[in-house]
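Same order as they appear, the protein sequences are chains A and S.
Residue numbers for the first sequence follow this note's numbering, beginning at 12 and rising by one.
Residue numbers for the second sequence follow this note's numbering, beginning at 12 and rising by one.
The set of hints was computed from the structure by calculation and includes no laboratory data.
Each pair may be met inside one copy or between any two copies, as identical chains are not told apart.
Straight-line alpha carbon distances no greater than 25 Å define the calculated PhoX-like cross-link-like pairs of lysine-lysine that follow:
#1 Lys440 / Lys380
#2 Lys137 / Lys172
#3 Lys350 / Lys172
#4 Lys171 / Lys350
#5 Lys392 / Lys342
#6 Lys350 / Lys440
#7 Lys171 / Lys182
#8 Lys182 / Lys350
#9 Lys54 / Lys182
#10 Lys430 / Lys182
#11 Lys182 / Lys172
#12 Lys430 / Lys380
#13 Lys430 / Lys350
#14 Lys54 / Lys234
#15 Lys444 / Lys380
A quick note: this is a predicted structure, and the numbers were derived from the prediction, not measured.
There are 2 protein chains.
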Amino acid sequence: MLRLDLNNLFSERIGQYGIDWTAEFATHRQRLDDARDALWGRKSDPAEFLGWIEVPEDTETVRHVLRYRQASAWVEDLVVLGIGGSALGAQATNAALGRGPVRLHFVDNVEPEPILELLQTLDPRKTLVNVISKSGSTSETMAAFLVFRQWLELGTSDWKKHTVVTTDPTKGILRPYVQAEGLTAFEVPPSVGGRFSVTCPVGTLPLAFVEVDLESLMAGARKSNEQARGALETNLPAQTALVNHLFSHRGINIAVFMPYSSRLRFLPDWFVQLHDESLGKRLDRQGQEVRTGTTAVRAIGTTDQHAQVQLFREGPHDKLTVFVRLLNPSKNLEIPAVKGLPGLEYLFGRSFFELLDAEARATAHALTKAGQPNYTLTLEKLDAYNLGWLLQHLMWQTAFLGELWNINAFDQPGVELGKEYTYALMGRKGYEKLAEELRAEGVM
Amino acid sequence: MLRLDLNNLFSERIGQYGIDWTAEFATHRQRLDDARDALWGRKSDPAEFLGWIEVPEDTETVRHVLRYRQASAWVEDLVVLGIGGSALGAQATNAALGRGPVRLHFVDNVEPEPILELLQTLDPRKTLVNVISKSGSTSETMAAFLVFRQWLELGTSDWKKHTVVTTDPTKGILRPYVQAEGLTAFEVPPSVGGRFSVTCPVGTLPLAFVEVDLESLMAGARKSNEQARGALETNLPAQTALVNHLFSHRGINIAVFMPYSSRLRFLPDWFVQLHDESLGKRLDRQGQEVRTGTTAVRAIGTTDQHAQVQLFREGPHDKLTVFVRLLNPSKNLEIPAVKGLPGLEYLFGRSFFELLDAEARATAHALTKAGQPNYTLTLEKLDAYNLGWLLQHLMWQTAFLGELWNINAFDQPGVELGKEYTYALMGRKGYEKLAEELRAEGVM
Chain A
12 MLRLDLNNLF SERIGQYGID WTAEFATHRQ RLDDARDALW GRKSDPAEFL GWIEVPEDTE
72 TVRHVLRYRQ ASAWVEDLVV LGIGGSALGA QATNAALGRG PVRLHFVDNV EPEPILELLQ
132 TLDPRKTLVN VISKSGSTSE TMAAFLVFRQ WLELGTSDWK KHTVVTTDPT KGILRPYVQA
192 EGLTAFEVPP SVGGRFSVTC PVGTLPLAFV EVDLESLMAG ARKSNEQARG ALETNLPAQT
252 ALVNHLFSHR GINIAVFMPY SSRLRFLPDW FVQLHDESLG KRLDRQGQEV RTGTTAVRAI
312 GTTDQHAQVQ LFREGPHDKL TVFVRLLNPS KNLEIPAVKG LPGLEYLFGR SFFELLDAEA
372 RATAHALTKA GQPNYTLTLE KLDAYNLGWL LQHLMWQTAF LGELWNINAF DQPGVELGKE
432 YTYALMGRKG YEKLAEELRA EGVM
Chain S
12 MLRLDLNNLF SERIGQYGID WTAEFATHRQ RLDDARDALW GRKSDPAEFL GWIEVPEDTE
72 TVRHVLRYRQ ASAWVEDLVV LGIGGSALGA QATNAALGRG PVRLHFVDNV EPEPILELLQ
132 TLDPRKTLVN VISKSGSTSE TMAAFLVFRQ WLELGTSDWK KHTVVTTDPT KGILRPYVQA
192 EGLTAFEVPP SVGGRFSVTC PVGTLPLAFV EVDLESLMAG ARKSNEQARG ALETNLPAQT
252 ALVNHLFSHR GINIAVFMPY SSRLRFLPDW FVQLHDESLG KRLDRQGQEV RTGTTAVRAI
312 GTTDQHAQVQ LFREGPHDKL TVFVRLLNPS KNLEIPAVKG LPGLEYLFGR SFFELLDAEA
372 RATAHALTKA GQPNYTLTLE KLDAYNLGWL LQHLMWQTAF LGELWNINAF DQPGVELGKE
432 YTYALMGRKG YEKLAEELRA EGVM
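Using the sequences and the hints, build the whole thing.
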């Protein structure tokens, strides 16, 4: 069960922002209803990239993934070759819920030393390589694939058995290669973008190997769909989108995302991509320059109380902080008493979870007292059902914000130019003119 | 060798900020000279917390640490119990340079499940526990210590041999305990704060166990001291502080810190604490409300090109981005050619490092073209000497910024209230009144 606690926003200390909540909810009701209807109305058009709404209903693909996992009992190490949206969802969910015995490795960069180190620790005969790229044109992923393919070819009797591809069903560089070589492959639905792909095989295939309960993950995501289809009163994503919208119009350009859980340590990284890449846009849907976007900032409680909270509390009023709290632990641990350490009696006999939870509430209250706006999402506990719900909630929130800001939340035009400069610097054919420009500007 | 490349800031596209660099350097010369003289002049006063300036000169302590490490050949796992500044420096340096065989674990949170999981994988007879807290009053660290102490007591014949304490030489809860129990202990110099402690035993003791070349780390840090003592023309930290200062006065409230290296993946976390906790202050040195502070944002290249760069390029002009680039790899890896993958020829036969470096330069140039200010710090290569230099550089930059903003960069008053709320929620004696307040406000 995902719950939203906005109480701290209603504190008189947050009054400086001059937000009359009742009035704002009434004023924005129509816009949010329109946004909801627009999103649900467009969802079947592949060009709108709203496929992530329906993926959690697709139980057949989940079963297909699970059958493949069951047939791969020989796997001891799974290496995911993917970057950005092709890695972050599985990374976040694995850290939260993954349970061996298969070890999951993510190659999401092209620095040579860590790749060499990983290759040296792996036994190719017990390693499965999952290359994930929708288009097959991502330099980093393809460079890694070329190296791992060769390594498997040299170290196993059948590199194809050790390779599984996740890519577009028809387009791109990888699909023809899959067909020519007869590789096993899973599909990224054409209407699902990387940062919205955690519930499709981009996320589910690796997660099947670390025993994540995929059916529950999907069921949780469907709960968020249910809310996102309903009236504003029970529509959590529309509500959190509205809160983000209201503060972004009051000089708040930083969105801190702070789960109180080490197991959720990669969740902010996943959220940062979802939020930043979806909402950081130069042009609106009519082509007007708008330069939208708040910057999501990663924090983990309690750890970052000793790193970032000083700034969050005493620094400028430029942040909206979102806490994620778990209401129950899955296992708890008691703090034992010991003689000779005066001043620590308040800890003796208490549990770690009590301490974690007290710190979460204390920090939220301390921010509120300092006039720093914050709200809390609570999960009943950390399991696949609740995490699936939260992931889908955050995708919906992002989609609603895109509607409120009249931008396309599903493209990433700003990434292109950097890619083209890279091609030019690497001497790729067809980029000679750009290379000239870079030479003239002293970049190469 | 650490180098600073400001070229992108001089591009005409950054001209919108109206910064005349020659004029600004001339105008601020006196202030920066004064700041430098003030910092060097105050460095011997323990109340000023400038002990980090002289720590790299203290080769005796390094030898002491190394002797202890040599005498502890039985250790297979080292568990660091520390949070914030007691963990981040060793974490960042270990990820960059650590080389087994000892496995390093950081317990920097109080979530019960990960602690239980760690305890289950460790053999107490081969585990050394390093508890790090200057005051001994940090709830998280002390709760973990109580559990690990009991676990060692139950699982070894002599828990004291398996425990090493890093704390204040005279003050706090832990020092009397060390004396009463006869534990091995290292000192946090009283004049060194947590976030400036990586070169003292807080950082060096764990790092000695993963074979980091401590003497070179110190030598690198001394090179930065040399620059920080000199004239503005060669004073790199004064220069980067000035750049940060100038943009912070032009609406830029976000400081992106983006090394192009997975091995430097925890360096931004260390920097985030250093920067945010030092510079996010409500009051200036005269007690006037100022609410200073830019928010440091973590990013890793190339990985975050596929997560955050869309926003960095197309989003609002609210960021100053700092890239960290390595000029040379320590090992390289060639990208092999393969048939049947058209369009990837530009990668065949090239090296991973070439690709990594091309992407770094391409991204910096793409940001510049979008009018997004950025500069680059380059390290000749990633080794202890260069990393030590960079760490000390960033500490100096922070200290210079504190002077320019007329704030105390070495305290953290904003963390206190949250701690007190935690005590109240945990029912600690002496916090009954605060507990009443929390009850009245519905927090407990």
